[in-house]
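Go ahead and model the full structure; you've got the sequences and the hints to work with.
Residue numbers (the numbering used here), protein chains in the order written: chain Z, 1438 to 1558; chain V, 446 to 835.
Think of the hints as simulated: they come from the structure by calculation, not from any bench. Note that this is a predicted model, so its numbers are computed, not measured. Where a beta carbon is used, it is the ideal one built from N, C-alpha and C, also for glycine.
As a list, the in silico DSS-like pairs of lysine-lysine whose alpha-carbon atoms are at most 27 Å apart: (1) V:K710 x Z:K1474; (2) Z:K1478 x Z:K1441; (3) Z:K1544 x Z:K1457; (4) Z:K1441 x Z:K1474; (5) V:K752 x Z:K1474; (6) V:K454 x V:K803.
Which chain V residues face chain Z? A few, computed with CB under 10 Å, are given here: (7) F576; (8) G586; (9) G589; (10) M599; (11) A602; (12) L654; (13) A696.
For reference, the chains in residue letters:
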Amino acid sequence: MSVKEQLIAKAKEGKVLAHKCTKCGFLHLSTVYFCQKCGSKGFEDAILEGTGTVATYTIITVPPAGFEKYTPYAFVVLQLDNSDLRISGFMAGISTPADLPIGTRAKITGFDECGILMEKQ
Amino acid sequence: MGSAIFMEKVCVLGAGSTKYGKLADSIADITTQASVAAIENAGIDPKEIKAAYISNVFGMADKQVHLGPVLMSNLGISDKPSLSIESACGSGSVSFREAYANVAAGFYDCLVVTGVEKVTHTGTEWTTTYFAYCSDFFYEGQAGASFPGLFASMARAYLNEFNATEEDFARVAVKNHDNGLLNPKAHLQKKITIDDVMNSAVVASPLKLYDCCPFSDGASSVILCSEKFAKENGGDYIEVIGSGRGGSPAALQGREHMTTIPSSKIAAEAAYKMAGITPKDIDFAEVHDCFTIAEVVDTEDLGFFEKGKGVEAVREGRTKLNSDISINPSGGLKSKGHPIGATGVGQVVEVFDQLTGKAGARTVKDAKIGLTHNFGATGASCAVHIFQSV
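As structure tokens, then:
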């Protein structure tokens, strides 16, 4: 499995496959190949819980092709618990800003052809 | 001015644009029209041009990539080399930078730099979908983040972090439309009010239709040359005194703060350093206002206002034409329009017109130094240039 396929498989389990630099310990999303902090190429897998808080979001009412069935939906940047990592995904069933204040608890629930699926926790 | 690290001073000797908007002519035609306008404005023989730098993103949408040789053939100089550069919405300024570096290094003494886009005939759904390919697609475009959506995410973070309202963002649109009314080549020549913005359809909350720049067709071109060439050819010219580039994480999720664009700060710092000036020395700036929130963030990242204070400056009218600092006298992307491959070059056209007394009713009074700031996607790539009248 490619790294992205592994990331997708973990997202379907509600988890995030991260890569931890074996030299300095810095955490990255698994699609990174060199450490952003020290430049080292050695990584080990770190499986994070796909839970956290909404760092920012938007509610899309004019969607790209393929999202008609989800519209309106929120595109969400999720700040993961217990790390500095953030990851993007989308959340169906959000229609007004009152539904999703910044800081709302949320979790990854899967992955479909449109990307990482999230729900409020 | 600052440390002279290159052998050649670089000048802009001529500039030209098509109108921005929905254009009927082909991408090859408008590329040529803008280039011919710049050549005639410079008053040079096309045979003096040693190479072309072309910026374009979606040539395939109008069935023409490899635009350079088509342009050169149309200009009667088919033996001269050309290069196409793609850096999303920042293609124009990135191409300008590469052209600048080649003149500064002495490889060429005269170049044509032309940016172009032709997309409106494809319709809103096509353009929205394909523009999303400029994001980090696996994480953003694929997950339903349209471009308005990504800037809306920045706007939401800004509203949460600072003392700002959606009405404040609307003031950016109102100001840029006021400026665009004075620009005969602007796409959206229409006076609007804060209420018009607030009552327009929501595209991606909190951004509404009138917070967004339009999809535009258009082409812009400048003649870039050595100072020696400019002097020998006699016409009006301006000098490039600063050039900087920077990068940011491709996806918003990779940025610690979502209310600032790292590449803008890096590029601006490099350009100011090369020019030996500070933000206070800038008389006017053409900045990348693809969405109203972007202009607020840009004016902070470029050092005109402190972080979180850009919105107050807009509220107090300090960025209007001939106020503290004129931001986007051309009307900006918001009103002048955003043909994405052309935009960065079009900003240089505006600075050239301003500093050579050709900007008509939108002239920034007594301006000597102008800045251009143009980025790709959500600022993953950026170039800043600073120009001085001669």
